[in-house]
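All chains should be built: construct the whole structure from the sequences, respecting the hints.
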Amino acid sequence: MELFVYKGEYQLPSIDLDCLRVLMYIKLADIQGIKIRTDCSPFHSNNGFLPYLIDSSDNKKYCGYERIINFLKKEGYTLDGSEKNEAYIMYITQNLYPFLMYQLFGNPQNIDETRALYALRTPFPFNFYYPSKYVRKCEQVCQNVANFSLEDPVTAHDTTKMEVDAKKCLNWISERLGNKEFFINGSQNEVDATIFAYLAIILKFQLPNNQLQSHANQCKNLSRYVDNLKKKFFNENECFESEKVKAQNLKKEQKVFTGQEDEDPPSEIRKRYIMSGLIASIAMFGYGYFSGIFNIVIAEKLRLNEPETSFSDFNDYTDNDDE
Amino acid sequence: MAKSTINQLYLNMNELDRVEMNEKIIIYQPYDEVQILLAENASCLAVKTYLKMLNRDFTVKSCANAEFMAPSGKRTKLPVVQIGNFIAAEFDPIINLFEHKSMSLTENFEAEDKDDLVTYMSLVDMILTNTELYISWCDELVLKEITKKRNGSVYPFPLNHIQNSRKRYAVIKQLRFYDWANLTFEEVVDKVDKLCQTLVAKLGDRDYFFGSNPTELDALVFGHLFCIFTMELPSSVSLLKETINKYSQLTQFCGRIEKKYFGKIKN
Numbered sequence: 001m002e003l004f005v006y007k008g009e010y011q012l013p014s015i016d017l018d019c020l021r022v023l024m025y026i027k028l029a030d031i032q033g034i035k036i037r038t039d040c041s042p043f044h045s046n047n048g049f050l051p052y053l054i055d056s057s058d059n060k061k062y063c064g065y066e067r068i069i070n071f072l073k074k075e076g077y078t079l080d081g082s083e084k085n086e087a088y089i090m091y092i093t094q095n096l097y098p099f100l101m102y103q104l105f106g107n108p109q110n111i112d113e114t115r116a117l118y119a120l121r122t123p124f125p126f127n128f129y130y131p132s133k134y135v136r137k138c139e140q141v142c143q144n145v146a147n148f149s150l151e152d153p154v155t156a157h158d159t160t161k162m163e164v165d166a167k168k169c170l171n172w173i174s175e176r177l178g179n180k181e182f183f184i185n186g187s188q189n190e191v192d193a194t195i196f197a198y199l200a201i202i203l204k205f206q207l208p209n210n211q212l213q214s215h216a217n218q219c220k221n222l223s224r225y226v227d228n229l230k231k232k233f234f235n236e237n238e239c240f241e242s243e244k245v246k247a248q249n250l251k252k253e254q255k256v257f258t259g260q261e262d263e264d265p266p267s268e269i270r271k272r273y274i275m276s277g278l279i280a281s282i283a284m285f286g287y288g289y290f291s292g293i294f295n296i297v298i299a300e301k302l303r304l305n306e307p308e309t310s311f312s313d314f315n316d317y318t319d320n321d322d323e
Numbered sequence: 001m002a003k004s005t006i007n008q009l010y011l012n013m014n015e016l017d018r019v020e021m022n023e024k025i026i027i028y029q030p031y032d033e034v035q036i037l038l039a040e041n042a043s044c045l046a047v048k049t050y051l052k053m054l055n056r057d058f059t060v061k062s063c064a065n066a067e068f069m070a071p072s073g074k075r076t077k078l079p080v081v082q083i084g085n086f087i088a089a090e091f092d093p094i095i096n097l098f099e100h101k102s103m104s105l106t107e108n109f110e111a112e113d114k115d116d117l118v119t120y121m122s123l124v125d126m127i128l129t130n131t132e133l134y135i136s137w138c139d140e141l142v143l144k145e146i147t148k149k150r151n152g153s154v155y156p157f158p159l160n161h162i163q164n165s166r167k168r169y170a171v172i173k174q175l176r177f178y179d180w181a182n183l184t185f186e187e188v189v190d191k192v193d194k195l196c197q198t199l200v201a202k203l204g205d206r207d208y209f210f211g212s213n214p215t216e217l218d219a220l221v222f223g224h225l226f227c228i229f230t231m232e233l234p235s236s237v238s239l240l241k242e243t244i245n246k247y248s249q250l251t252q253f254c255g256r257i258e259k260k261y262f263g264k265i266k267n
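From first to last, the protein sequence lines stand for chains V and L.
Per full-length UniProt numbering, the very first residue in the first sequence carries number 1; after that it's consecutive.
Per full-length UniProt numbering, the very first residue in the second sequence carries number 1; after that it's consecutive.
For the record, the hints were derived by calculation from the structure and aren't laboratory data.
A quick note: this is a predicted structure, and the numbers were derived from the prediction, not measured.
Hints are supplied without guarantee of correctness; some may be wrong.
Here are a few chain L residues that face chain V, going by a calculated C-beta distance under 7 Å [to be verified]: (1) M126; (2) T198; (3) S236.
Below, in silico cross-link-like pairs of lysine-lysine (DSSO-like), each with a Cα-Cα straight-line distance of 27 Å or less [stated by the list, open to error]: (4) V:K168 with L:K202; (5) V:K61 with L:K194; (6) L:K148 with L:K202.
From the three backbone atoms N, C-alpha and C, an ideal C-beta is built for every residue, glycine too.
Right under this line is the structure:
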């Protein structure tokens, strides 16, 4: 079997919610023999979204979280679950999903960042199209849950209800979780896959505006839960972090020490001033010269030619000097 | 933690405080016999059952435009409930109101039971409402034979077609949001089947889901299942009814609640 997912970022195995859910389910159920591939495009998926799974025995394709999980369950890869699983998953999805979706694809401050994340993982020329499918999905969410459109001005984005629901849900998870390792009775369940995926995205993504992250950070046990599960089930080379993000993180850490890493030393600034002044004056004089606002005439040539009237004074002066 | 501010915001204390609970309760809904659709009927019945469980009297007013009176609500937007100045649509805000006034059925519940209640309710609400909407608006036969006739019945000629397609568009959009629009009928029934198993496991051999006293969940489940049982549906979708009928605990459960709260009307 082969599973196709988006490549990860920020030390996560994948950047996408559903991909993370499936990956975690596979780890929780301890399914061997699934090859995880990140070199893929949503173009080959039936619904235009990753993840999808190809069953190598009959080449059948299963797209989307639910279909994949149902297939895996049919194949016998089940987790000993309580019957509450379904209800919990539904409750969490209903409360967290809309606001997370809005944060990722609706908030104008974050949209560039998230789109770039998805676009970088989609091959050309599909990278121009498929990330926008998520934005359209987010538009549907907003219209259904909060009655506004993403095309409305930002001030009309009424996310209060979504936000409150999501934060209440985070509190609920934090309370129920306590210090346990897994969500229900300390044993691995399907609901853990869902909670891990949501929390991982909320806690690990670095977005310009991430309200849920600051809220989730207040509940210490949530980040502990995510870190524990990540360490337990995913090894280092399954998680991914790009050089750019690494550099950013490094910079952030340095910032803590010195306080002003962003500012250049004064010598750099002076150099920059001089350089820009030079370039500006070259441009100005160049323009003036070529458009004929002034001429540069070399004095020696003038003496050979017939003296022009306008330069007579100058000629007189040089003549006098010779004498 | 940031919790207190959240609760405050969510319940919107001031507004709820001002509601006078001894005022008359009026429920607005579409015409029972000719207009109402499966999902709307279910959510209306759930609210009525809930109020009966609370021993509150209410008046039902039928009007064609009930749906357009709703101030909020994201699914069927029905029924619209008026208590004095307080107007709300759908099941959730009404439960919130009674909970805020400490008059709900689950006042003395343990935290864990309350969790179960909330999660099961969101599961039941989502799956059964979606199923009903799917049956009414995505099954060709039901759409042609029942839904279009009923929904259009209160409008004059050209308007009925416009209203039908407008509403169908809205419903499909809703279903697409829940990833339900592209499911086959068998997959839908499969989901209902799974839900029934979960509910039966929760119910056990007790009278109600949480012991011997009714709760919001009972009202909700009864509202939905009873409507699916009693609605006349063409044979192409009878599989749904049969699936639920397999679970005798659930049919008995519905009969029990019907007898207790609605017995007088029938006799």
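Verification of the supplied hints:
1. M126: The hint holds - M126 (chain L) has a Cβ within 7 Å of chain V, the shortest such distance being about 6 Å.
2. T198: Holds: closest Cβ of chain V sits about 5 Å from T198 (chain L), inside 7 Å.
3. S236: Not OK, violated: S236 (chain L) not within 7 Å of chain V, min 24 Å.
4. V:K168 with L:K202: 25 Å, holds
5. V:K61 with L:K194: It holds: about 23 Å lies between the C-alpha atoms, which stays within 27 Å.
6. L:K148 with L:K202: 37 Å, violated
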